[in-house]
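Residue numbers (numbering that gives the first Met the number 0), protein chains in the order written: chain A, 0 to 558; chain B, 0 to 316.
Read the hints as simulated data drawn from the structure, not as lab findings.
When the alpha-carbon atoms are kept at most 25 Å apart in a straight line, the in silico BS3-like pairs for lysine-lysine are as follows:
{"#": "1", "chain 1": "A", "residue 1": "Lys105", "chain 2": "A", "residue 2": "Lys162"}
{"#": "2", "chain 1": "A", "residue 1": "Lys207", "chain 2": "A", "residue 2": "Lys136"}
{"#": "3", "chain 1": "B", "residue 1": "Lys58", "chain 2": "A", "residue 2": "Lys207"}
{"#": "4", "chain 1": "A", "residue 1": "Lys209", "chain 2": "B", "residue 2": "Lys58"}
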Amino acid sequence: MLIVLSRIATSRTNRAAVAAAMMTTASLVLLPAAAGAETVLRIGMTAADIPRTLGQPDQGFEGNRFTGVTMYDSLTMWDLSSADKPSVVIPGLATEWKVDEADKTKWTFKLRPGVTFHDGAPFNADAVVWNVEKVLKQDAPQFDPSQVGVTASRMPTLASARKIDDMTVELTTKEPDSFLPINLTNLFMASPTKWQKLYEAATGADDKAKSQAAWAAFAKDASGTGPWKMSKFTPRERLELAKNEAYWDKARVPKSDKMILLPMPEANARTAALLSGQVDWVEAPAPDALPEIKQRGFKLYANEQPHVWPWQFSRVEGSPWNDIRVRKAANLCVDRDGLRDGLLAGLMVPATGTFEKGHPWRGNVTFEIKYDKAAAQKLMQEAGFGPNKKLEVKIQTSASGSGQMQPLPMNEYLQQALAECYFDVKLDVIEWNTLFTNWRRGAKDASANGANATNVTYAAMDPFFALVRFLQSSMAPPVSNNWGFINNPKFDELVKKARQTFDPAERDKALAELHAASVDDAAFLYVAHDVGPRAMSPKVKGVVQPKSWFIDFSPISVE
Amino acid sequence: MLSYAARRMVYAIPIIIGVALVCFMLVHITPGDPLVAVLPADASQELAQQLRVAYGFDKPLPVQFGLWLWRAVNGDLGNSIATGRPVLAEVLRAVSNTVTLAIAAAIIGFSLGLFFGLVAGYFRDTWIDKVATSIAIAGVSLPHYWLGMVLVIIFSVELNWLPAVGAGPSGSGAWSWDWPHLRFLVLPAITTSVIPMGIITRTVRALTGDILSQDFVEALRAKGLRETQVFRHVLKNAAPTALAIMGLQLGYMLGGSILIETVFSWPGSGLLLNSAIFQRDLPLLQGTILVLAMFFVILNLMVDIAQAAIDPRIKRG
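Modelling step: build the complete structure from the supplied sequences, incorporating the hints.
Have a look at this one:
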């Protein structure tokens with residue numbers, strides 16, 4: 000055949016025809032290859048390092064977003080399919096669950112059949128028990144203290160797990176707690192089989208050292224049940240995830256073949272990487288580059304996140320915020336629309352509580368938080384203040400920090416706004432970690448520097464994080480984050496009611512009642528919700544940005 | 000000579016212990032909680048105490064220091080709190096990236112600095128001198144990170160010639176000196192090189208002026224040597240000083256530049272320090288500072304011994 004072709008080719012008259020034939024043949028051969036070319040989604044994260052990959056990610060919810068819900072599943076999961084409705088909890092690796100009517104500390108979870116880990120091992124009740132014990136049972140071989148912090152505090156009442164049969168597991172809480180199914184979205188299921196193999200191959204001075212070595216090896220070659228599988232990992236540089244063709248939810252098998260995660264902590268570097276075509280997607284682009292990003296044809300996605308940027312008031316004896324008129328006046332004196340449209344270039348949602356209208360936990364709020372300077376001034380005058388007698392308040396904040404948005408300019412905006420309502424705001428700016436540490440120590444601690452409000456943002460994904468830890472009197476420091484020592488019997492009663500209401504619809508009603516009570520009491524100065532801005536190339540299709548910290552990467556394709 | 004070298008090495012031991020002590024204490028006396036990286040703010044006291052024990056933060060500081068130093072001597076700098084990975088491996092990987100960047104920047108800085116310095120010195124007080132001197136002044140005056148951003152805007156965003164961030168193409172493994180990798184190095188290396196370039200230019204300019212005014216240059220010209228041959232002699236006399244300065248600058252560059260590495264997301268020791276500080280990852284912070292400090296101590300030791308070898312008068316001093 001080759002000899003015949005070469006002879007034909009040597010004939011001058013036939014050279015053009017041969018060339019045309021060869022090009023046609025080549026194009027026919029290459030066409031299927033081009034059509035089947037690997038599609039890759041490259042993402043610039045805000046993190047300085049790849050979040051931990053061993054099951055329980057670090058770096059807050061950015062960690063869960065990229066190395067949690069991608070490679071792993073949990074018993075219950077967030078519904079990330081809608082950009083319009085608040086995300087709600089749906090079945091994940093558990094198909095159904097119920098609390099024991101006789102003993103409300105015991106829950107039965109029915110597991111999803113036919114699910115396998117990336118290493119081929121089956122997912123079953125043993126795997127659930129093993130994963131609960133990795134963070135709760137100190138004498139279990141797989142117990143890993145480094146995973147405890149980011150897990151145990153997100154499900155504070157979970158006590159133990161017990162296998163009933165292969166596909167049924169019983170979880171026990173320390174006290175009746177209807178929030179458990181929501182909390183369980185944070186417990187990611189890693190493969191015990193894979194870990195055990197690594198443990199047996201590990202070397203170490205003792206079992207503890209072997210266990211640590213096994214977890215270190217697991218982090219480099221992870222195995223969950225999620226829609227994405229780890230394919231290549233270079234710490235601090237990149238994590239490559241390949242689509243899991245065998246994912247149990249066929250509707251969520253990824254549309255892209257591969258996803259590459261790149262840590263880029265600097266906003267300008269991320270923006271430049273996007274504009275130069277080095278990545279397809281960046282989290283939190285530099286705000287001042289937004290007009291250019293849009294003008295060059297890149298797409299910007301943003302949506303209200305379950306996140307609050309507040310001033311959390313001190314309610315200790317002598318605090319100026321103990322007068323509800325003062326708390327309400329501050330809430331009425333801030334032009335949040337002006338803050339959004341000016342300083343933040345549209346990248347915030349004005350906060351009128353922890354949850355906004357349409358959220359199941361919003362409730363019938365009677366104190367309407369809005370900009371009404373006249374009403375605010377009137378309240379302040381009733382409380383005994385005026386142009387010649389200003390109320391001095393001291394606020395502790397940081398210059399930066401996770402979720403803090405732009406703390407200094409935003410606080411200066413508030414300082415200026417509140418000055419018109421007879422407040423004299425002093426800012427005490429401290430380092431982020433110091434502020435964060437004081438958040439647990441409370442307003443009475445010396446590290447509060449006498450501040451009577453603190454400005455730490457908070458996630459509002461679940462009832463404990465969003466409400467209980469701030470409003471319940473028993474959550475005062477050093478237990479949890481009731482920084483200002485709020486002690487309101489009505490709140491305590493409503494927290495108890497919500498925790499002990501096990502019908503989901505009734506529980507939501509109870510939570511709505513608690514939230515409405517907190518807004519009516521002007522428990523915080525509610526300012527903004529972050530919108531999780533992300534910019535991406537027009538090649539990226541199928542993006543649905545839900546009202547959540549997370550996003551489902553499965554339906555996303557790159558053209 | 001050997002006894003001098005041995006004595007200098009013995010003197011280095013208390014310095015290293017002192018450096019280790021400072022590294023250890025610096026991160027402990029700063030406010031905040033070392034467990035912030037792994038402990039959410041709403042963690043209970045019981046959980047915090049459990050982790051404090053697990054990480055050894057419950058022990059008295061002198062005990063923590065002793066244990067840390069003993070492990071460090073044995074090549075174990077502990078594990079990162081945030082990632083669980085061994086600190087030594089993390090630091091060495093980052094340092095290797097910084098060394099790559101420093102070498103490239105040193106080559107650029109030395110070559111350009113020597114060139115501009117010689118040109119400026121040779122054509123002193125002419126417009127050529129003014130241009131070269133202005134470049135040198137700009138090199139030492141312009142903020143690094145600003146220049147880095149400008150280069151990124153021009154060469155990455157506008158012209159799309161070079162990548163804006165990272166240290167290698169997607170999917171690549173270790174560093175290699177081929178174009179797909181080198182193109183990632185160009186912008187950060189140029190940005191890093193401007194300070195040594197400026198310093199070398201100014202020094203070589205002054206040196207060239209001095210050399211040109213010396214009698215031996217007149218003698219060379221009187222002997223009828225062409226100006227290019229005279230220039231070669233000037234170069235020979237100026238280059239060692241430029242090299243010595245470059246050596247010092249290389250030491251600084253090996254320390255990593257937090258700003259440049261952050262701007263370019265270059266995974267070196269500067270970015271690692273930045274990350275360790277923001278995550279308040281104490282073992283990683285201590286380990287990185289210790290390794291970088293050791294670099295300086297060893298570099299100084301080598302310079303001292305080398306100087307003594309060249310100039311015997313130093314041994315007596």
